Amino acid sequence: MSEALGRVVATERKPNTPHEFHFWTAIDSPVGIGTIVRVDGAQPVDGHIPHIYGIVVEGFSYTDLQTPMHDVMGHDGSPTTAGFAATERAEIRLYTAAVLRQIPEEPLQPVPMGQVYLAEEADVQVALRMDSYLREGANTGIPIGVYRAGGTDAVIYLDADFLLGPEAAHLNITGVSGLATKTSAVEWLLASLFKHFPDEKGSIAAVCFNVKGPDLCYLDQPGKIEQSDEALYEKLGVEPKPFESVEYYAPYTAKGHALNTFRNNEALLDNVTPLTWGLREVLQFAEVLLNKDDVDAKADALIDFITMNVVDKEFTDPMLQKKHTVQSFADLDAWFRDVLQGMEKKDGESWRTHHVATIRKVRNRLSNISTRCAGLVTDSGTVSDLPFGSFADRTVYVVDVANLEEDAQDLIFARIVSKLREHLERRDLGVKHLVVFVDELNKYAPGDGADTYVRKMLLDIAERGRYLGLVLFGAQQFRSQVHRRVVGNSGTGLFGRMDPDELATPGYAVLSPATRTKLATLEKGQLMIRHPHFTQPIFVRFPRPAVMQGREGSERYPQAGEVSLEAAVLRALRPLDSTITLPWIQEITALYTEEEVIRARNATLLARPENVKAYFASQFRKAIPTQAAPRPMAGSIRSVPENDPYGF
Amino acid sequence: MLASNSGPDIASRAALRSLMQRLPGMSTVEGGGFVEPVISSDPPSLRSAQIVEGTALRAIRIPNLSAETGSQFGAFLDGAQRVQVVGHHQGMPVVFGTVSAAVRARVDRRMITWGHQPPKVERRIFLPLRYLPELKVLGDASGGLSQSQWQIVDTSTADKNGDYPSQHPAVLLERAVRAVDQEREKLEDQLAEAWCARGEAPLYIDGGISRSGPVASSTYAVGVIKSHRTLYVEDDALRIVLGLDKGERSSVFRVSPRSRNSVMSWYLRLRDAKGHDPMWGLVRVEVAESNRPSERADEISTWVMAETSPLSLPDGRWDKMAYGVRDCEEFLRAIS
Numbered sequence: 001m002s003e004a005l006g007r008v009v010a011t012e013r014k015p016n017t018p019h020e021f022h023f024w025t026a027i028d029s030p031v032g033i034g035t036i037v038r039v040d041g042a043q044p045v046d047g048h049i050p051h052i053y054g055i056v057v058e059g060f061s062y063t064d065l066q067t068p069m070h071d072v073m074g075h076d077g078s079p080t081t082a083g084f085a086a087t088e089r090a091e092i093r094l095y096t097a098a099v100l101r102q103i104p105e106e107p108l109q110p111v112p113m114g115q116v117y118l119a120e121e122a123d124v125q126v127a128l129r130m131d132s133y134l135r136e137g138a139n140t141g142i143p144i145g146v147y148r149a150g151g152t153d154a155v156i157y158l159d160a161d162f163l164l165g166p167e168a169a170h171l172n173i174t175g176v177s178g179l180a181t182k183t184s185a186v187e188w189l190l191a192s193l194f195k196h197f198p199d200e201k202g203s204i205a206a207v208c209f210n211v212k213g214p215d216l217c218y219l220d221q222p223g224k225i226e227q228s229d230e231a232l233y234e235k236l237g238v239e240p241k242p243f244e245s246v247e248y249y250a251p252y253t254a255k256g257h258a259l260n261t262f263r264n265n266e267a268l269l270d271n272v273t274p275l276t277w278g279l280r281e282v283l284q285f286a287e288v289l290l291n292k293d294d295v296d297a298k299a300d301a302l303i304d305f306i307t308m309n310v311v312d313k314e315f316t317d318p319m320l321q322k323k324h325t326v327q328s329f330a331d332l333d334a335w336f337r338d339v340l341q342g343m344e345k346k347d348g349e350s351w352r353t354h355h356v357a358t359i360r361k362v363r364n365r366l367s368n369i370s371t372r373c374a375g376l377v378t379d380s381g382t383v384s385d386l387p388f389g390s391f392a393d394r395t396v397y398v399v400d401v402a403n404l405e406e407d408a409q410d411l412i413f414a415r416i417v418s419k420l421r422e423h424l425e426r427r428d429l430g431v432k433h434l435v436v437f438v439d440e441l442n443k444y445a446p447g448d449g450a451d452t453y454v455r456k457m458l459l460d461i462a463e464r465g466r467y468l469g470l471v472l473f474g475a476q477q478f479r480s481q482v483h484r485r486v487v488g489n490s491g492t493g494l495f496g497r498m499d500p501d502e503l504a505t506p507g508y509a510v511l512s513p514a515t516r517t518k519l520a521t522l523e524k525g526q527l528m529i530r531h532p533h534f535t536q537p538i539f540v541r542f543p544r545p546a547v548m549q550g551r552e553g554s555e556r557y558p559q560a561g562e563v564s565l566e567a568a569v570l571r572a573l574r575p576l577d578s579t580i581t582l583p584w585i586q587e588i589t590a591l592y593t594e595e596e597v598i599r600a601r602n603a604t605l606l607a608r609p610e611n612v613k614a615y616f617a618s619q620f621r622k623a624i625p626t627q628a629a630p631r632p633m634a635g636s637i638r639s640v641p642e643n644d645p646y647g648f
Numbered sequence: 001m002l003a004s005n006s007g008p009d010i011a012s013r014a015a016l017r018s019l020m021q022r023l024p025g026m027s028t029v030e031g032g033g034f035v036e037p038v039i040s041s042d043p044p045s046l047r048s049a050q051i052v053e054g055t056a057l058r059a060i061r062i063p064n065l066s067a068e069t070g071s072q073f074g075a076f077l078d079g080a081q082r083v084q085v086v087g088h089h090q091g092m093p094v095v096f097g098t099v100s101a102a103v104r105a106r107v108d109r110r111m112i113t114w115g116h117q118p119p120k121v122e123r124r125i126f127l128p129l130r131y132l133p134e135l136k137v138l139g140d141a142s143g144g145l146s147q148s149q150w151q152i153v154d155t156s157t158a159d160k161n162g163d164y165p166s167q168h169p170a171v172l173l174e175r176a177v178r179a180v181d182q183e184r185e186k187l188e189d190q191l192a193e194a195w196c197a198r199g200e201a202p203l204y205i206d207g208g209i210s211r212s213g214p215v216a217s218s219t220y221a222v223g224v225i226k227s228h229r230t231l232y233v234e235d236d237a238l239r240i241v242l243g244l245d246k247g248e249r250s251s252v253f254r255v256s257p258r259s260r261n262s263v264m265s266w267y268l269r270l271r272d273a274k275g276h277d278p279m280w281g282l283v284r285v286e287v288a289e290s291n292r293p294s295e296r297a298d299e300i301s302t303w304v305m306a307e308t309s310p311l312s313l314p315d316g317r318w319d320k321m322a323y324g325v326r327d328c329e330e331f332l333r334a335i336s
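Chains V and R, in that order, give the protein sequences. Numbering follows the numbering used here, with no gaps: position 573 of the first sequence is 573. Numbering follows the numbering used here, with no gaps: position 249 of the second sequence is 249.
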């Protein structure tokens with residue numbers, strides 16, 4: 001047993017309670033804010049010596065000086081002579097600790113007087129109730145970091161049942177931007193989850209929405225790991241290597257030539273898949289893009305009518321000039337045009353109960369979508385999507401929406417999460433558990449502001465996702481400004497370095513001033529954790545993720561700029577067939593419009609055929625090369641009879 | 001020396017209960033107050049002393065005195081006592097006394113308890129047995145009194161002339177307080193002798209050093225006396241001593257009290273007395289005889305001056321008290 005480092009003290013003014021106690025230590029003791037200690041009571045209770053585990057939440061230091069004036073007088077007002085005093089004043093280090101656990105747990109009594117010891121690794125497990133889920137044969141612990149204090153290095157585990165459900169679920173990370181805490185913590189935690197998530201609990205995958213910067217764009221590339229991190233990895237039982245299976249999805253740029261992602265360097269395109277949707281996919285989520293002022297009950301009825309009766313069906317109407325089979329935005333626009341022309345001809349104000357003004361408004365709003373979400377929504381109706389139904393175990397699916405307009409981000413987010421939910425409900429996603437990582441919850445699930453579709457969906461995940469295996473890992477800079485039910489339903493909370501203004505908000509009032517101060521000064525790689533099993537927040541260190549960081553990745557693999565159409569097609573098809581060359585592309589596409597070339601490329605990428613060249617070429621309509629008309633042979637001039645009197 | 005005024009502890013209460021069993025009819029004093037140490041019944045006096053530095057007493061400025069001047073004291077010694085009238089039996093006072101003493105050593109400028117001799121704490125019950133009925137004998141279950149922790153001291157024994165004290169409660173109380181004084185001095189002397197025997201570093205003793213022969217002759221003991229009921233100067237010498245400026249000392253003289261040991265001594269002004277009474281910041285230092293009195297007095301005066309920082313406030317005697325002595329008193333207050 002280690003030596004005692006302190007003694008419990010209590011006075012009438014500062015008594016101990018069942019949830020808090022005070023102790024003093026030597027001046028040079030390794031105790032600090034966040035240190036876990038164990039108190040061994042002196043008197044048995046019900047025949048057992050009580051052991052109390054606590055975490056230091058406040059510290060006090062003072063001397064026997066009654067007033068600062070005495071010190072001034074003692075040194076004649078000269079601070080420099082203070083150092084010459086023969087004796088240092090008697091000084092105390094007094095700490096307040098919040099109780100983590102008492103053993104025995106009943107009767108729950110005020111903390112008794114006793115010796116205070118630094119908690120060792122076994123003590124930490126007991127103190128945080130980790131012993132209940134680290135049992136042999138029923139181990140659901142997921143290492144989150146290492147608790148360090150005074151020579152004690154103890155691995156802190158989260159309970160998978162409380163991180164991914166079914167008991168509790170969801171995780172929320174908060175911290176100031178720019179300290180590589182939020183994203184790094186999620187990358188590390190996913191690595192730990194993939195390694196330690198119990199096999200008997202089934203498969204697990206993650207969908208990460210990259211909403212800003214390139215940080216999530218190099219998860220499959222190795223990063224720089226320092227020696228201290230390697231030691232942490234070893235302690236935590238995770239190999240320091242990048243994710244083995246990562247798939248990237250990104251829509252095209254508005255021009256449609258290149259993928260709109262930080263990861264569009266040619267060297268990294270092999271696992272980047274275009275994300276493109278057609279009319280049907282978008283119409284299901286029209287609500288995301290149309291605000292409530294646009295979509296009143298009448299407009300909603302018309303959109304429903306179109307979805308049910310027009311899209312992907314042969315539509316005829318006596319008023320219309322022709323049959324319509326609407327499969328794309330272009331088809332839809334043609335349909336609208338026909339309807340409106342028919343109404344003008346009839347000079348009617350309504351068609352099938354829909355007023356002409358409503359029809360015009362809906363046409364205007366829907367047609368606008370393909371412009372607002374250019375690159376994602378295709379006029380042609382080509383769909384390239386996440387592999388719903390065949391998600392793979394221990395795979396990270398990154399959807400890069402960082403460079404997209406807000407509308408497109410919302411649409412992508414809403415549709416993908418809805419699809420994930422549908423598949424998980426049907427148990428046919430491909431994996432049993434899915435983590436969805438969304439950064440910037442301040443933007444997507446704000447505490448105030450409009451009740452958007454995205455926010456409603458995040459609330460739905462937060463409140464019901466754990467029953468489906470759909471788990472939200474959310475991050476934001478200001479937790480206080482995220483919807484209360486989103487953060488409130490997060491069983492686990494991680495806190496990196498915090499902004500002092502944020503810490504001044506009421507949500508942090510439960511933390512002691514010293515803990516708040518520590519939170520405001522946390523180093524990179526340090527976190528404060530709240531978890532259902534921990535009765536108090538715990539500070540841990542986690543290793544730097546073993547993946548390439550965004551800044552390094554964007555320097556090593558610079559983002560490709562907007563290129564010519566032919567070069568873009570080459571870049572897209574070369575990962576499928578390395579023999580394809582630019583001259584070949586130019587030759588094949590020379591006679592066709594940009595729209596046709598893009599359609600052919602998208603179709604090829606979607607089909608991933610054996611013979612890429614042949615498939616790509618087959619996508620173009622037959623066009624007979626224009627040939628110069630044969631020049632008519634000039635007829636020979638008849639010879640003028642010699643006897644022709646008019647001949648010359 | 002500290003006269004503590006903290007309340008009775010658990011051991012005292014247990015002893016009181018036990019005593020009440022042995023002395024039926026005893027009445028307790030509710031919230032019994034503490035008795036201040038007895039001030040000598042002798043009136044304040046001036047006494048001549050033999051000058052050993054020069055021929056006449058004079059004021060001497062201590063050389064090379066500055067804020068950077070260090071102190072060689074390695075430890076501080078002080079004692080404490082607590083006297084409480086806890087009850088009466090037919091008017092006869094029943095007194096509890098606790099005495100303690102400790103050496104606090106200085107290591108890296110911080111005070112710690114000297115490891116070679118633990119602090120001493122002793123408790124006594126002072127009873128005028130001659131004027132009380134015989135104490136009942138109790139069994140082992142009698143509690144505190146049956147244990148050796150609380151010895152009973154008779155305050156009604158005959159003096160060296162064979163005279164018994166009067167039954168006047170004040171006389172008996174005074175006898176008890178004097179007995180407590182002596183117990184404390186005994187503890188202090190034991191610790192001082194132990195320190196001097198090891199001879200590690202000079203010891204700053206709160207009070208005189210002449211009681212104990214080994215201490216009075218040790219070069220490791222320095223006594224610093226704060227009270228001046230007896231001034232060892234007369235006439236012009238008195239004016240010189242009372243007129244000492246800060247950082248000045250008197251010439252060294254010899255103090256040879258009756259029944260005590262002869263030591264060298266001098267007065268030293270620790271703080272500027274302007275605006276205060278003449279005794280403000282005035283201490284008398286006692287050291288063992290030396291054949292280099294001037295050098296010794298200068299050297300030790302330098303150390304004593306260095307001990308004026310940090311201040312020992314809020315103690316009312318802070319003008320004369322070294323911080324190390326205050327530390328001893330605080331320590332003894334905590335343990336006794």
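Careful: at least some of the hints might be erroneous.
Unchecked claim - With a cut-off of at most 25 Å between alpha-carbon atoms, the simulated DMTMM-like pairs for lysine to aspartate or glutamate come out as follows:
id, chain 1, residue 1, chain 2, residue 2
1, R, Lys274, V, Asp71
2, R, Lys246, R, Glu299
3, V, Lys241, V, Asp220
4, V, Lys322, V, Asp270
5, V, Lys201, V, Asp577
6, V, Lys14, R, Glu299
7, R, Lys246, V, Asp161
8, R, Lys246, V, Asp71
Said to hold, decoys possible - Simulated restraints, written as ranges between beta carbons of each label pair:
id, chain 1, residue 1, chain 2, residue 2, range
9, V, Pro15, R, Arg130, 46 to 54 Å
10, V, Ser61, R, Arg130, 39 to 47 Å
11, V, Gln43, R, Val121, 55 to 63 Å
12, R, Glu295, V, Pro15, 31 to 39 Å
In case anyone wonders, no lab produced these hints; they're calculated from the structure. No experiment lies behind these values; they were computed from the predicted model shown. Quick reminder that beta carbons are idealized off the backbone N, C-alpha and C, glycines included.
Here is what the structure says about each hint:
| no. | hint | in the structure |
| --- | --- | --- |
| 1 | R/Lys274 / V/Asp71 | 21 Å, holds |
| 2 | R/Lys246 / R/Glu299 | 16 Å, holds |
| 3 | V/Lys241 / V/Asp220 | 9 Å, holds |
| 4 | V/Lys322 / V/Asp270 | 44 Å, violated |
| 5 | V/Lys201 / V/Asp577 | 40 Å, violated |
| 6 | V/Lys14 / R/Glu299 | 47 Å, violated |
| 7 | R/Lys246 / V/Asp161 | 76 Å, violated |
| 8 | R/Lys246 / V/Asp71 | 19 Å, holds |
| 9 | V/Pro15 / R/Arg130: 46 to 54 Å | 48 Å, holds |
| 10 | V/Ser61 / R/Arg130: 39 to 47 Å | 55 Å, violated |
| 11 | V/Gln43 / R/Val121: 55 to 63 Å | 24 Å, violated |
| 12 | R/Glu295 / V/Pro15: 31 to 39 Å | 57 Å, violated |
In this structure, the earlier hints numbered 4, 5, 6, 7, 10, 11 and 12 are contradicted, and the remaining ones agree with it.
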